[in-house]
Amino acid sequence: MQGFGPVVVEADEPSFHAPWEGRTHGLAIAAAIAVPAAGGTIRPWIERMGHAEYLATSYYEHWLSAVEGRLIAAGAIDRDELAAKQASIAAGAPVPTRADPGTATFVRTLFHPFPVDDPEGPPPRFAVDDEVRVRRLHPEGHTRCPRYVRGARGRVVAVRPAQPLPDLAVQGETRVEAFYSVAFTPADLWGDDAEPGAATVVVDLWESYLDQL
Amino acid sequence: MTSSDHPPADVRAAALEALLVEKELIGTDTLDAVVDELEDLGPLHGARVVARAWVDPGYKARLLADATAAAAELGIGGAEGEHVVAVENTPAVHNVVVCTLCSCYPWPLLGIPPVWYKSPPYRARVVSEPRAVLREFGLEVPDDVEVRVWDSSAEIRYLVLPRRPDGTDDLAEVELAALVTRDSMIGVGLPSHP
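Same order as they appear, the protein sequences are chains A and B. Residues 1 to 213, numbered by the working numbering, are exactly what the first sequence covers, in order. Residues 1 to 194, numbered by the working numbering, are exactly what the second sequence covers, in order.
Just so you know, not all the hints are guaranteed correct.
What follows is a set of in silico ranges between Cβ atoms, one per label pair, in the way DEER data are often shown [said to hold, decoys possible]: (1) A:Ile72 <-> B:Pro91: 52 to 58 Å; (2) B:His193 <-> A:Ser58: 16 to 22 Å; (3) A:Arg135 <-> B:Gly167: 48 to 54 Å.
Since the hints were made in silico from the structure, they are not lab data. By construction, the Cβ of each residue, glycine as well, lies at the ideal position given by its N, Cα and C atoms.
Using the sequences plus the hints, can you model the full thing?
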């Protein structure tokens, strides 16, 4: 999208602007543990928000919408009981406390180094310096192929460890693919409207997003 | 649906927490733990990594080869930091990081991303007019220096390794870390001068 104004910077910004933002972050993690979902529990669900609402609401409101929407779709809560609870909270009802020390201890480990095993993947089809073109994809669901690079030619600058393709992971299907950093020139992306000056945009892309040139 | 269809966000968050607690799906102490850990995160962690790289060439080589492992040497890491790549600023290249699709960010190194990083203007504009955006942050990059924009919309989280400021030869590592700003590790700023 275009036509946004300047980037607005807030001085001395806190981690959270209000306590509900931190609670929402915690809710997202706790809900992901209680009701797991393949392929991510936040982003694919934020993408289901209406575009107008997305642009008019804040980051953690996006998270709230994602957690509510996913838990309703999973059948863990229903819309009516959530609305009833919102009414009682708005009328002053307290939030009950509940201890779950095992999970509380576990979540702390997420904020410290832990081992990561990259999955085994097929051999990469492309090598560094190969010229590629991003496919003109128009998927209806989740993808990590940004629209502004679709159809553009680029150059592979790094072959990264293979990763599951997110487009399928959100549907519960695991397909590990070769994964690359691909560099584009401003002219590749924006043609005659490119901003003057030396520049490169590097985007991380899965192999099935790419064709050989 | 518009935002006016929803109750205020604080009511929504409290109602969701209360409902999930009553269903025994979550513990409130889990949320307390998450908030507590997140309050401890911040750009100080990334600054320690950068300062170490400035004073220790062996560490810098390991950081550029595998930033996740290099950060873990200092006890730094965790979720959203599983695949960190450090990109080095040089006289010829100035790096800057964005996530155009959402707001991916190396939390263990930099903490919670600032609102501007998550905002549509930054995400849309820094890939199409990076120099104009950097100018708004007070950073003028000469036309012959390559601005390299890293769109971290996938699995990798990028950390900019800024150049060590001139005139800092006498500073200790901890003093150097104090010069490393969050913005310099995103690439929209430079380290402070002593």
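Evaluation of the provided hints:
As the Cβ distance of isoleucine 72 of chain A to proline 91 of chain B is approximately 54 Å, the hint placing it in 52 to 58 Å holds. Take histidine 193 of chain B and serine 58 of chain A: their Cβ atoms lie about 35 Å apart, and the range 16 to 22 Å is violated. In this structure the supplied range 48 to 54 Å holds for arginine 135 of chain A paired with glycine 167 of chain B, their Cβ-Cβ distance being about 50 Å.
The structure is inconsistent with hint 2 alone, although it conforms to all the rest.
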